[in-house]
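The chain contents come next:
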Amino acid sequence: MPFVANTEAQQQEMLEAIGVKRLDDLFADIPPELRCNGLDVPAGISEQQVRDELAALADHNTTGLVSFLGGGLYDHFIPAAVDALVYRSEFYTAYTPYQPEISQGTLQAIYEYQSAICRLTDMEVANASLYDGGTAVYEAIMMAMRVTGRNRVIVDDSVSPIYRKMVGSYTRNLGIELLETQSAEGLPDRKALAEAINDATAAVIVQTPNFFGCIDDVSDLADLAHEHGALLIVSSYPIALGLLKPPGQMGADIVVGEGQSLGMPISFGGPYLGFMATRRKHVRKMPGRVVGRTVDTQGREGFVLTLQAREQHIRREKATSNICTNEGLCALTAVAYLSLLGKHGLRDLAQTCADKADYARHRLLQVPGVTMRFPNRWYFNEFVLNLPMAADKVIRGLFTRGIAAGFPLGRYWPEMNNCLLIALTEKRTKQDIDFLAHTLEVIL
Amino acid sequence: MKLIYGKSVPGRRGVRPVGSDVPTKAEIRKNLLREEPAALPEVSELDVVRHFTELSRRNFGVDTGFYPLGSCTMKYNPKVTERIAHYPGFAYLHPLLPQLPGGETMVQGALAVLHRMDLLLREICGMAAFTMQPLAGAHGELTGVMIIAAYHKARGNRKTTILIPDSAHGTNPASAAIAGYGVRTIASDADGVMDATALREALHDGVAGVMLTCPNTLGLFNPRIKQIADLVHGVDGLMYYDGANLNALLGKCRPGDVGFDIVHVNLHKTFGTPHGGGGPGAGPVGVVERLVEFLPTSVVCERDDGSYYLDYARPHSIGYVAPFYGNFAVVLRAYAYILMLGREGLLRVAENAVLNANYVLAKLRERYDVAVDRVCKHECVLSASRQEKAGVRAIDIAKALIDRGFHPPTVYFPLTVPESMMIEPTETESKETLDAFIAAMLEIADLAEKDPESLKACPRTTPVGRLDETRAARKPDLAYLL
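From first to last, the protein sequence lines are chains H and W.
Residue 521 in the numbering used here sits at position 418 of the first sequence; the count goes up by one each step and never skips.
Residue 712 in the numbering used here sits at position 431 of the second sequence; the count goes up by one each step and never skips.
Derived by calculation from the structure, the hints in this document are not laboratory data.
Beta carbons: idealized from backbone N, C-alpha and C, even for Gly.
One should not assume that every hint holds.
[Stated by the list, open to error] Partner residues aside, some chain W positions facing chain H, computed with beta carbon under 7 Å:
(1) L400
(2) E404
(3) G451
(4) I459
(5) L484
(6) C582
(7) L620
[Stated by the list, open to error] One side only, chain W facing chain H, incomplete, derived with CB under 10 Å:
(8) A320
(9) Y373
(10) L392
(11) H485
(12) G562
(13) L728
(14) K731
(15) A753
[Unchecked claim] Listed next, the in silico DMTMM-like pairs over lysine to aspartate or glutamate satisfying Cα-Cα at most 20 Å (straight line):
(16) H/K384 - W/E570
(17) H/K496 - W/E385
(18) H/K384 - H/E298
(19) W/K434 - H/D323
(20) H/K268 - W/E308
(21) W/K306 - W/E316
(22) W/K712 - H/D127
(23) H/K533 - W/E308
(24) H/K124 - H/D162
(25) H/K533 - H/E544
(26) H/K294 - H/D326
(27) W/K360 - H/D186
(28) H/K388 - W/E750
(29) W/K306 - H/D535
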């Protein structure tokens, strides 16, 4: 049998030591009427067969499209050293570092990850990670409610619609007043937000670059939130932060985001990485595992899980969150990736992404009938085009030529049926962009 | 060991990202840009590789040695599943692709994995349908409690409370609380399982459900489980099965047949996916027929022609709990694992997991106190209360095990047992490994009597000794900043 070590002779020996006759005797405490007599599952297969079978399924997926799909998840290049390090089995076959003396590898790596997130966002503390960008927004909202003692929350609709749907599900039964403001021309509408906020508001949530790809200086929104005693939560994109002003410098109180772009394959929905950073004064209200630096009995520096008095295994129903594990291996991936690229590498990479998007805009706007949905805005690597016909139709047409053109915004904003969200990463070449533009010309 | 930031040398570069091949340069308004590049390390690729390789040597995984961490099911993670997770047809598949017009046909292989895994888990757990969305065990619990809430809302029930045994994982009460329920704790009886009388007294019309781990965190199967389920159903409450300990029951007993209405399965425990130093895991949730309509959106369905689609038209669904379809790459590994084990293999998992735990128990019960001395399932819980009289606590035994090359058991959990040590060997360990562990435990028991002080100084073989956790919490140093 695969993955079971004991031979039948050994099993017999062990049963004798236990003082029973048969393996089945060990299950005698399960009443017979509750027993199950075998499963209707196919017989086991060998390693070779399972590889073949799943390779065949993988082949049923279409890869090799020239893809301009983003929407919060991006196809960035992953250096070989990232996988080589993450797949050292001392890392990936370990669990939560409950025994710090034999877990310094995981613990120090997470401390370094927390430091990297702080440096990238210009915040003071970060946790060891959450599940993904969407649950990170939800956890940030819950945290803001604990900090302020209020339960009214304003989310701008330029925040990812997927995240907003997740927040909607989680908060449905909690008596939270969840307001959505409508963005104006691709950015949060300052007037709408000023009208929506009041002294019972716990948090304002915005995103930059937002779902439309527009970049925003949200300093004024931080001031607005703070005037009313609310927190500003900013969701961001870590690669963009190689180039863009960090949310910490704009007055954000909690910064969250999706960390998939930091060395993780896109893997059809996960695993991903939710990051969260905040101000030192809020650290005890922050959810999730946290690693801290300390010393051992001989004064040697070492790392431990800390501030556990916030957590479920101590606090049970009074915990700051129900989260138990983090996405440890994804956090390790992120810090290995950020270290490999380094200070200048990340900035250069971000600039390259922005340059490619800039060229793509230039090139695509030469196609007759194509315009920018939100002109006069600033962009990083993603933007919205107005097309002279339904985006769905264009997407179908481009699929037949091997292009995944982008995301049709009509799916979430019915009035934007002709709008296409296009993302660029360093992996798309000038040739890819020219091919997209040329093919679009043919189709329109 | 130096931090990676301490190895930084101004001007040194690591991996060189591809340069721009386009003729234009993006111009972004200055007030939107950062003034200085983020203060990431300036290190070479080799610096980074050496650094993290050195860190990995300060870590202990299942591949390093025996890892009997109770309630965590630290079994061997087959290497082949890592290979499969990296197949480009899966790893490079964008999750928004099937949401594009005409895109569904491009992800049929991935949807097949999700749907077939759903079918396998239905059969293994005796449930009507599963969602793969929950991203971890605790996330599965939250999803399950949200389904409980949706069910009662649809029925017009006014429910306020979830009942949870005192031996439960902390995530159970935390999940119930953040979903908006009050929590009431139910005591265990002398047999270490939920006390049916205490439950009967606590039951009332406001009880939304009961969350149970079975076998529980003492490794014990509750023989009155059916009776408990009947009582709870009597007030229109729902039975929630925390699947943390499902490894003990594979092919032997199905939660659905026992009367559970909702289950979550920790794929990283029962189905052998790596724990990753604390995630990512996956916590698919299964439900009985009358709860299927409440499952999260979307649901992977099969058409008559054998093709798959994502169903979003689900008016009673609790909505999105994950951005897409769950931790797909984790589900994929677990799917491959189940295919390899098959019908017979699954049964052997439960049998050998239970055999190994009982063997350890049989060999150690003379020298250590046992929480409840009867046949256990996949794990046994010992207590160091006898050793404590000589000043040796569970933590000291744990640290002494580290010096002997073993990962310690879970200590100080469950909370209902003083000085508890929860040992879960798993089926992938051999008798020789167990014998070596048993010998170490017996030697430590001897030392606890003869030379207790020597145990206080453990561990001696690790790069750092016992760390000052009080200092860490009092003056949190959580990031190295300039």
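Verification of the supplied hints:
1. L400: Since the shortest Cβ distance to chain H is 9 Å, the answer is violated.
2. E404: Hint holds; W/E404 Cβ to chain H Cβ min 5 Å, cut 7 Å.
3. G451: holds, 4 Å
4. I459: holds, 5 Å
5. L484: Violated - the Cβ of W/L484 stays beyond 7 Å from chain H, reaching only about 19 Å at its closest.
6. C582: violated, 17 Å
7. L620: Holds: closest Cβ of chain H sits about 5 Å from W/L620, inside 7 Å.
8. A320: With Cβ-Cβ at 5 Å, under 10 Å, it holds.
9. Y373: holds, 5 Å
10. L392: Holds - the Cβ of W/L392 comes within 10 Å of chain H, reaching about 9 Å at its closest.
11. H485: violated, 18 Å
12. G562: holds, 6 Å
13. L728: Check failed: Cβ of W/L728 comes no nearer than 18 Å to chain H, outside 10 Å.
14. K731: violated, 23 Å
15. A753: OK, holds: W/A753 within 10 Å of chain H, min 4 Å.
16. H/K384 - W/E570: violated, 48 Å
17. H/K496 - W/E385: Judged against 20 Å, a Cα distance of about 15 Å means the pair holds.
18. H/K384 - H/E298: Violated, because 28 Å separates the two Cα atoms, which is more than 20 Å.
19. W/K434 - H/D323: The hint is violated at about 41 Å.
20. H/K268 - W/E308: violated, 34 Å
21. W/K306 - W/E316: OK: W/K306 and W/E316 at ~18 Å, within 20 Å.
22. W/K712 - H/D127: holds, 19 Å
23. H/K533 - W/E308: holds, 18 Å
24. H/K124 - H/D162: violated, 49 Å
25. H/K533 - H/E544: holds, 16 Å
26. H/K294 - H/D326: holds, 14 Å
27. W/K360 - H/D186: holds, 14 Å
28. H/K388 - W/E750: Measuring from Cα to Cα gives roughly 19 Å; hence the hint holds.
29. W/K306 - H/D535: holds, 17 Å
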